[in-house]
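Asker: We have chain E; now place chains Z, A and H onto it with these hints.
Residue numbers (the working numbering), protein chains in the order written: chain E, 1 to 408; chain Z, 1 to 408; chain A, 1 to 408; chain H, 1 to 408.
By construction, these hints were calculated from the structure, which means they are not laboratory data.
Be aware that one or more of the hints could be misleading.
Given that identical chains are not distinguished, each listed pair holds provided it fits within a single copy or across any two copies.
What the hints assert, rightly or not - Below 25 Å or equal to it, Euclidean Cα-Cα: the simulated DSS-like pairs (lysine-lysine) are: (1) K333 x K89; (2) K23 x K317; (3) K23 x K275; (4) K251 x K392; (5) K23 x K314; (6) K299 x K251.
From a predicted model like this one, the values you see are computed outputs, not experimental measurements.
Number of protein chains: 4
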Amino acid sequence: MNTGELKMSWARQYMPVLGEIRKRFEADKPLSDTKIAMALHVEAKTAVLVETLAAGGAEVYITGCNPLSTQDDVAQALNSVNGVHCFAKRACSVEEYYGGIDKVLDANPTVTIDDGMDLIHRLHTERRELLDNITGGCEETTTGIHRLRSMAADGKLEFPVIAVNDTPMKRCFDNVHGTGESALSAVMITTNTLIGGKWFVVAGYGYCGRGLAKMAHGLGAKVIVTEIDPRRALEAHMDGYHVMTMDEAAKTGDIFVTTTGNTSIITGRHFPLMKDGAILSNAGHFNVEIDIPWLEANKEGFEQRDGIDTYVIKGKKISVLAEGRLVNLAVPKGMGHPVEVMDLSFALQALCSEYIKNEGQKLSGGVYEVPNEIDITVASLKLSSLDVSIDKLTEYQEKYMTSWDIGT
Amino acid sequence: MNTGELKMSWARQYMPVLGEIRKRFEADKPLSDTKIAMALHVEAKTAVLVETLAAGGAEVYITGCNPLSTQDDVAQALNSVNGVHCFAKRACSVEEYYGGIDKVLDANPTVTIDDGMDLIHRLHTERRELLDNITGGCEETTTGIHRLRSMAADGKLEFPVIAVNDTPMKRCFDNVHGTGESALSAVMITTNTLIGGKWFVVAGYGYCGRGLAKMAHGLGAKVIVTEIDPRRALEAHMDGYHVMTMDEAAKTGDIFVTTTGNTSIITGRHFPLMKDGAILSNAGHFNVEIDIPWLEANKEGFEQRDGIDTYVIKGKKISVLAEGRLVNLAVPKGMGHPVEVMDLSFALQALCSEYIKNEGQKLSGGVYEVPNEIDITVASLKLSSLDVSIDKLTEYQEKYMTSWDIGT
Amino acid sequence: MNTGELKMSWARQYMPVLGEIRKRFEADKPLSDTKIAMALHVEAKTAVLVETLAAGGAEVYITGCNPLSTQDDVAQALNSVNGVHCFAKRACSVEEYYGGIDKVLDANPTVTIDDGMDLIHRLHTERRELLDNITGGCEETTTGIHRLRSMAADGKLEFPVIAVNDTPMKRCFDNVHGTGESALSAVMITTNTLIGGKWFVVAGYGYCGRGLAKMAHGLGAKVIVTEIDPRRALEAHMDGYHVMTMDEAAKTGDIFVTTTGNTSIITGRHFPLMKDGAILSNAGHFNVEIDIPWLEANKEGFEQRDGIDTYVIKGKKISVLAEGRLVNLAVPKGMGHPVEVMDLSFALQALCSEYIKNEGQKLSGGVYEVPNEIDITVASLKLSSLDVSIDKLTEYQEKYMTSWDIGT
Amino acid sequence: MNTGELKMSWARQYMPVLGEIRKRFEADKPLSDTKIAMALHVEAKTAVLVETLAAGGAEVYITGCNPLSTQDDVAQALNSVNGVHCFAKRACSVEEYYGGIDKVLDANPTVTIDDGMDLIHRLHTERRELLDNITGGCEETTTGIHRLRSMAADGKLEFPVIAVNDTPMKRCFDNVHGTGESALSAVMITTNTLIGGKWFVVAGYGYCGRGLAKMAHGLGAKVIVTEIDPRRALEAHMDGYHVMTMDEAAKTGDIFVTTTGNTSIITGRHFPLMKDGAILSNAGHFNVEIDIPWLEANKEGFEQRDGIDTYVIKGKKISVLAEGRLVNLAVPKGMGHPVEVMDLSFALQALCSEYIKNEGQKLSGGVYEVPNEIDITVASLKLSSLDVSIDKLTEYQEKYMTSWDIGT
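So that you can see chain E by itself, here it is in the shape it has in the complex (with noise of 0.2 Å):
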């Protein structure tokens, strides 16, 4: 084996749930005629999914949604599988980045998956001649779906797009769990510097804020939340943490993330109040949550090592990782979300892929939940490769959980 077949081989022993799905793919072949078109970020894990598509019939056509992310070994051991082709590279250039979405689309895909909603956004702009081919597609991110919304506000979506993102069994564990572990693990391995007893701040209390929090509470920091919204800021409250406004946490945190999805969170106003030292990091998709190029205008000097960009501002340094973009890919050592994560995130997929190819043609353009019983599966195979029972309601139970008439 080469060192991306390695990389597989590894990914694929930690994916159980992809791994059934697998097997009925190969005995029943529900995505042949399908042409599925990819752009997600392109390293062990992912591979694992399009190797599953591709056994369930389809041809994947895949690139990169991360000019960081992709890992080039891996590109190009899927290029060996039957009925894949790989367009990703890693460190290419926007140009390359948007000519691998381009190639990906010049196979007049029927299904799209995307990380970020790049695909969907090029096939509503540039290629809008492919769109009739498309019976409809999939989406990874929060930050996607955000956009996919808006767009479906407009009127501007013309096909149908699952949410993957929203869905409990992804929200539960993707962000929750998976952005929690990897970028905590991320920004330990990059810094080397200690998580306990530090002020470490989370920008955002939602699934990815809340996870985040609760594991570098576990490793004895001192957590500050920041939030928009008073009931989450109270959560957070009462979940032990500290909430503040950003202008506050500037001047008290060691260590920053950025889980909001949204923009300009640490940006001038924030930089010259924080402590020497100070470390910033970002774990929303997009790198517009720290304003790099403040900070490119306005330091005083400037040190580069592996990962870590660090500016002085004021006087004081302060240390950017992975440039601002996704901390837990982008940084050298970065592996992205843990295994376990990605096959409950990426048997969602494959399943609702499945859905999209059988019933996309009798829905409109718009964003769709994903069905609740692909999450209801996705969980019980899940459970099952634990070897986890749990309990069924009885049909006395049941009716009770229905009745009304039941007094004190």
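Answerer: Only chains Z, A and H this time, still in chain E's reference frame:
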């Protein structure tokens, strides 16, 4: 001050949100011409809600919602508050219990506030002549909402009811933190057993269950979760708990707490499997989660202590706290939910009562969500009482969140 | 059974280690011809120790070690046990307290068991005529050991005393878990306030303090630690707590618990700095950690509730639990340490009493460690009652650990 | 700056205690006329210690203490520091390894600093002619101290050695937090597997083990502890972990980390019991805790990835990280202990080197504790760098703590 008043003065001090609302209510009297019927746990915190409603101009008629939860000194103190009429009595018989409900209804109320739906149930069965006068109601518990939704689905609910229980400001605090902390401390103080190192079984991984699981875990317990929903089961697994069926848990558990809101969770099938010394309790609304009648019918011996009934089953001692009733209220030392949590829940009740008085006429029979602005108001008042400031979206950020036109 | 016996029967069930020891004691009567004088908290768990000692053949004379901690029904039940003479009484005056100690000493004991050193102190001051008859003693608390070591350093301790408190099997369980859990539940059940989100101040980061800190943290509190030792302070910092002086903590804290074993921890300098509604309690042995006399002398108002004294200082309400006495025992609902923890501590007492009876004559006056084999025996009996097996060193491993001749 | 210097500059920024010491060393040159021989992990943090010693006037000769832990760019950067001579090389052969040690000793040193006792061992065996010139030494690890104490017990240790490892300021931070965080992040980043929900086996519940257990638990793992000491086993049980023998743990565990400092912890008896996909690693000093030779001799198949060796045993895949060497240093992405933790440990080394230079002549051969005032100094410098203030005993409190004359 007598002891009831001393208890109310203590509670009032830790209920700043109701305090703020009371200031406005006293000035504006928004509840004048309103007769409010209430069936709630009559203790100090409820009393602060009652006096707040009365301060807003309402006539308030209140009785208990559980035969064991009334504190007589508080009931007495309430009766000396202007505009308040209290009929609750501790350790009352079933007849006295429904007698209290009838006395409250005799006032011909316009608004109801329920904790378990007994009041609304009585209105729709025995006291239908009063229905015409009702503008609407509020319901506090998961259990009550379940019953109301079933009723509404059958087309039997004749006035609008606000599902206070379901709103984030209630569930994320009252259920998670309120039930979590108070059920745990009630078990600890009643049994004097150690939590650290124990197998602590939580039935149900809803809001109450996950609060309780987290806190028992925080004291060093090994937590077992039983569930019927595979997604929640998997969440519990990833959160570090041991997921299994109740059949398995019965053999392992040292301490059991049911939080499902359903019936027949621990039954005659489970008791004989248990370890000698097992301790059982219920934190759900009704005393149907543990099958006490089975224990009574099958016991080989019996001992009774303060709040603890010990049954001998197959030669082993199995102890049930508070006769399987809501453990945090019904054990002799029980104090119910912590004050600060009820401040939030009761602030919702106060504002929803005002809302239903003003808007109820426009709504048809059915279950309604708490209006979002009420939820936000309560959260903001609480944050402000804590001197916690949070961020606000900038115009640019709002635009970013609603646009879809920005690529990688 | 009367209530005292019911309490003892409850405790006995969760004390398997004493149960095993009792079996051997009943068979071998190792304590025949021994008169044991005890001053301990007289409640159900202590009673199980007392009946174990009596089962071993000892005559036991016991009184309380704290004016508020005796449970009268247990005292009464003890008096009906063969060979036991109990003089303890709840809410006794200072005269009655020392009267109880004198009655115990009137028996002319050969072995003492102390919880705070009051018995040994009395023997060395007012009752020196009895010293000759004493073989040795055991002391349970940090505070008592402190005093005994000072006494020994002055050459004033005239018989050998086993420092039960200092042995790992006591400190790591009784102090960490026993004080931690029971002080926390006592505060929760007495005040009905929420722990989640609160600033919870722990004075002292010894065994008791770190147990309490960890558990309050586990419920969602933000924990502040005050310390005098820079190493412990740094440990607390790295463990995720907020380390500061009491002068600073006084301004921030919502709930305070002192665990230092020292005096004058929260004083007249601190009270006026506190927030309205601050709650103060003590988990150290003596009631000198919070300066109650200052509060009494400077109060502008006063309210008294069950277990809570509220003082008005500078217009703000400051509440002290249990008059500053050991909060887990002295609040009205207090149950003292959890049963399982006292099973370990009292198993040490039982075995140390046997040891001092047999070996005390060979030892000169001074403070002695618990013999290591007793410590190991108690740990092993407990593990065995839990059905927990552990590894054993192989011969090869033992050799490896004692060799120095193996390089990289 | 070259990459070695960039790494040193990064580390220096997070080592404020060594920074303070360096200021004094530069001014006072307390180590002039001292030749220091060192065998340590040669990476950025060690380099900051080395330059601090050199700043104090010492000539420093350094080589590695582990064939896989040297960073060559740092070794090179060190060689350009005045007064420093570095002989370490990554991935060196055993001959080169001992060659490095010999070159260091060729300088005829007066003081030694060891991490695993290889230097002192060589001095007492192959290079005894140099012993006369040695004033004393310092040892960093648990393992080294074990060996030194055995040596001293045999009367074979010919100069005084400070047991830096055993002092609270080392064990409570370096072992608990340093090993805990860095072993965990090394496992996470190397394997890309999820920690949440996993059975995580920690062999040994000493300082390293309990740090690691707490942190894995903090990420949502179910932690299994194996122990040989019943007291530590019971502590682990009460802390919420699952205590069992390695024979049982082998069947259950998903991820294993050994931290015992002993040999033969996971052996040929255990591997065949393991689950398919089990991951094994070692955080103890030497690579003898996992029996790699057995795996090599009995494997049915083999795959090699970056830092992961996968053996097929009984048809199941068992993966060992870093060939069973110290996982936080020896995996390809390993960074060793966090910077802030090494700041404390190396500050102890710097001050102990100064102490042994000044006082070593007065001491006979043997193992000595770190002088208490050095421990306190390091703690105080660290607290001061964090702007943390702590309380001081008043005269009255000191008197109280040493008196025994104050009763209840």
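Asker: For every hint, state whether the structure bears it out.
Answerer: Consistency of the hints with the structure:
1. K333 x K89: For K333 and K89, both the intra-copy (17 Å) and inter-copy (22 Å) Cα distances are at most 25 Å.
2. K23 x K317: between (53 Å within a copy, 21 Å between copies)
3. K23 x K275: Close across copies (22 Å), not inside one copy (54 Å); limit 25 Å.
4. K251 x K392: Between copies, since 18 Å is at most 25 Å while 52 Å is not.
5. K23 x K314: between (59 Å within a copy, 24 Å between copies)
6. K299 x K251: within (18 Å within a copy, 39 Å between copies)
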